[in-house]
Structures are given as structure tokens and as C-alpha cells.
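Colleague: Residue numbers (the numbering used here), protein chains in the order written: chain U, 45 to 298; chain S, -15 to 258.
Some hints could be false.
Derived, one-sided and incomplete: chain S residues facing chain U with beta-carbon distance under 10 angstroms [as the list claims (entries may be wrong)]:
id, residue
1, S145
2, Q147
3, M165
Chain U regions said to be covered by chain S (calculated; three or more residues, Cβ under 8 angstroms) [claimed, not checked]:
id, region
4, 70 to 83
5, 91 to 101
6, 114 to 121
7, 124 to 131
Simulated from the structure, these hints should not be mistaken for laboratory data. For glycine and all other residues, C-beta sits at the position ideal for the given N, C-alpha and C.
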Amino acid sequence: MISITNLNKTYATLEGEPIYALSDVNLEIAQGEFVTVVGPSGCGKTTLLKMLAGILEKSSGSILVNGSPIDGPSRKLGVVFQEPLLLPWRNIFQNVMVPVEIQGLDRDKFSSAAKQLLKLVGLDGFGQKYPKELSGGMQQRVGIARALVHDPDFLLMDEPFGALDAMTREQMNLELLDIWAEKKKTILLITHSIAEAVFLADRIVVMSPRPGRITEIIDVDLPRPRDIDIINSDRFGEYVKRVRGHFGARGVDS
Amino acid sequence: MTQDVRKPGRKSRKIGYSHETGLSILLFAVLIIAWEAIVRGFGIPSLIIPTPSAVAASLVKNLGTQSFYYHIGVTLWEILAGFVVGALIGLVIGVTIGQWKLLEKIVYPYVVALQTVPKVAIAPMIIIWFGYGLMSKVVITALIVFFPVVVNCIAGMNAASRQQIEMLQSFTATRWQIFRMVKLQTALPYIFAGLDIGVVLAVIGAIVGEFIGSQAGLGNLLLQKNFSMDTAGSFAIIFVLSAIGIILHRIIHVLRNITIFWAEREGVLANEAT
Chain U
45 MISITNLNKT YATLEGEPIY ALSDVNLEIA QGEFVTVVGP SGCGKTTLLK MLAGILEKSS
105 GSILVNGSPI DGPSRKLGVV FQEPLLLPWR NIFQNVMVPV EIQGLDRDKF SSAAKQLLKL
165 VGLDGFGQKY PKELSGGMQQ RVGIARALVH DPDFLLMDEP FGALDAMTRE QMNLELLDIW
225 AEKKKTILLI THSIAEAVFL ADRIVVMSPR PGRITEIIDV DLPRPRDIDI INSDRFGEYV
285 KRVRGHFGAR GVDS
Chain S
-15 MTQDVRKPGR KSRKIGYSHE TGLSILLFAV LIIAWEAIVR GFGIPSLIIP TPSAVAASLV
45 KNLGTQSFYY HIGVTLWEIL AGFVVGALIG LVIGVTIGQW KLLEKIVYPY VVALQTVPKV
105 AIAPMIIIWF GYGLMSKVVI TALIVFFPVV VNCIAGMNAA SRQQIEMLQS FTATRWQIFR
165 MVKLQTALPY IFAGLDIGVV LAVIGAIVGE FIGSQAGLGN LLLQKNFSMD TAGSFAIIFV
225 LSAIGIILHR IIHVLRNITI FWAEREGVLA NEAT
């Protein structure tokens, strides 16, 4: 379980004036839950994820993961970034093994985990290839396998499919739901696509900018397992409309 | 279908390549012949400019003597030892400065200050300190090689992608792990660029050292030929020195392409780590 209490992030400008990137965020994420965070640029959603990942210091408030406070990177988390961020000098298998090496885990034991994960993300037989030989979608699949290899409880995803074309993106959404169902991880996924946020989530956290804060948390009561046809249902449309209502005519990407 | 499309392209490129090589060789032949014709035609004394055929004859004659190989060996040893010492010190200092930001502010100004001192100007002192033997040439060469390696090493380590570092940090990587897994790899293309510049400068360093004070070596031999007005002999030695430079440059290039197999083959500063 992740509990975020009164979380704040303030930056100082060069003139010394404070910028409130994140203001009084309170959120509880239950074990096994799939939570999406949606909001326009500048609403602090990436700031929130970086603080959860422990690579950005918080200004005030607390983050508890399974009851223990987060004050730096944690082995209980796996992070998927906007870019795949594969290391071009390592082959695909070696890239997936990066967290295992960093955390000094048992190589033999976890190399079979890495191979299984590559199979799960549809890259069986690609282990010896190098990143530049793979498409953007395939690279991001490697990024997902890497985030899962050390068997973390939580998966943090920062607009992981933002750089992909619409069709690959739908495909990746479906695959992610399969991985979630199989691995039973708790997932927090950040996106600026309202449809993606609704399609994946148990709960949608809607954020708004200046200062970055949570404006609504929506329970998504759509049946699982979901397939792509659900996008055309009336209930799906209602959720999309409800989220969009927060952003007015500007849309999310503005 | 793709094969049909690709084949002509590949074929024509291959033809174009051999075509260009042929033209390049032809240009060389034309220049040599023109040189020979002008020197002979205008009756230029061989003391001022020798004919290519005279240079070639001198080269063949030199290559037939044992002492010539001794001189080559001396100079080659100075170049290689100076290069290795300079490059190693450059790498150690470059990596250290690249790893600790504070050092860049404290130490780096002195590294730059050292570079602004003309090596040729301090070479006579180095001969006094380290003698007329090999040691002084190795020191001069190392001093010249050191700088491009340091500068490129630091630039390369600073070029490491911030996002890749954050990715490693999120998996709880230590400073040392970040250095080993990302910074060093990012720096390698830069380091090889520095080594490439360094190895060519190493040839200059060894020759400058020999000019100022030496008992043997190609630079020493070059001075002897110059004093005895053997211009063709001087040209032959310069030819050998150029050949050494080109071969060393090629060796660095091959090592680079083996080590940095993931980067683009062409372009010295190719850096795909984005």
C-alpha cells in the first residue's frame, strides 16, 4: 500500500519567488490497484511520480510504502519512464538485468525471471539484440520488463506510451492489463490521454495545474477483463466526459 | 521486392566507392608526376627540392641499412611510451574530475594553465631534467598527449544523459554504479576522439624532443640529413614519420570501432545515448 499525506513540492525561481509544483496531495493506493493520474502539462504529475520514485526531494508531507517512509529510491518500486531509456551498449537481456545488477541480486535466479518477462512482453528471442535494432514500442516493452525484473510490489509509469503511435499505444494498453493481471502488481500510471486513463484504471486521479493538486478521484466501475471494444460503450464515454469536464475547452495537452 | 529496390542502390554505391578510390590514386600519381616534371624541367637543385624518384631511392637505400631500423625503433618507443603514459594520466585525472564536480572547479583551471604553456618552450628544460636519452622524449610526448585526453574525458562524462542517470537512480544505483554503467560508456567515444588527437600529437612530441637534444631517433637522423644537405634523405624520413602517424591513427580507429560497437561507425563524436 502507498499512502501519500499532505505532499508538497515548491521550487524557487531565480528571483526567489516560490512555484507550487504540487500542493497538498493526499492519496492512498491499495495493494493490487491500478490507479491512473491524468492532467495537463504542468499539473505536477511527473513531479509526483519522481518523488514516489525517490529521485526528487519532497518539500513537505510524507510518502509511506507498506508503512515505511520513502526518502530515496526503493527496491519495492519499479519505474517505467516516458522514454525507454535503454542503454545502447547493452543487449536487450543485459538491459533488463540492470536492476538485478544494481541491487546485487542472485544473477542465476533472476536471469530466468528476465527471460520470462521478455516472453511476457512479446520479445522472446530478442535478448541478444541491441536497442537500436528495436522499434519504439518494442523498446518500451523492454523498459517494462526492466521495471519488473527485481519483482517490485509497485510499478510507477510516467506517460510510458506517450511517444508511441495510436495503434501501438492501444496494443500496449491491452498488454499492460495482461501483465497487471498476471503479475498482480500495484500500478500508478501517469498519462495525458483521458481515454487511456479511463481504459486502464480502477481509479482515476484528476489533477489541475498552478498549483498542482488533485481535483477529483473517480472510481471506474467498468467490468474486467477489459478489451478494446469497451471504448465504444456509453459508460466509458461518460467517464471520459466527466474527466474532460475538469479541463474545459482547453483539452489536456494545452 | 525490397531486395529489388535495395540491390541497385548498394551496387552503385560500391561502384562509386571504388571509383572515388581510383580517382584518389590517380590524383596522387598526377601530383607526383607533375612534381618530378617541374623539378626536372626547371632544373631546381636537388638541395632545395628533390625529385620524388630521388626521395624514393633514398628511402629504399635507408630501408636497406640496419641503423635506420634502430632509429625507427627509438622514435617508435618514445611515441608509444609517451602516448601510453600521457593517455593513462589523462584518463585517471579526467575520470576523477568527471566524477567529482567540485574537482572540476579546483583542479581544472590548473590543467588548462598547464596546457597554455607551450610544450616546445619547456622542452629544453625537460632535456636538462631528464637527460638526452629516451626519458626526456617520453616526458615531452606524455605532456602533449595528456591534454586532449583529459579534456575529452571530462566532456564525455559530462555528456551522460541525465534521464539515464535518473533511471539508474530509481533502481537504487550508487555513484560508482552510475559511473560504470552510464558515464564511462557515454565518455568512450569522446575518449577515443582524444586518443586519436593524442596519438598524432605524440609523433610531433617525440620529434620535437629529438630536435632539441638526442642521441638517436628519426628526428635526430632528420637533423643529420639536414646538416649534410641531404634533402632527399630528409624527405624520406618525413615520409616514414607520416606513415607511422597514419598507422597509429588507423589502429586507434579500429580499436574504437571494436570498443564502441554500438555507436555509429563514422564520425568521431557519434553519440547515440539519448
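Colleague: Give a verdict on every hint.
Modeller: Hint check:
no.: 1; hint: S145; in the structure: holds (8 angstroms)
no.: 2; hint: Q147; in the structure: holds (6 angstroms)
no.: 3; hint: M165; in the structure: holds (7 angstroms)
no.: 4; hint: 70 to 83; in the structure: violated (count 0)
no.: 5; hint: 91 to 101; in the structure: holds (count 4)
no.: 6; hint: 114 to 121; in the structure: holds (count 5)
no.: 7; hint: 124 to 131; in the structure: holds (count 4)
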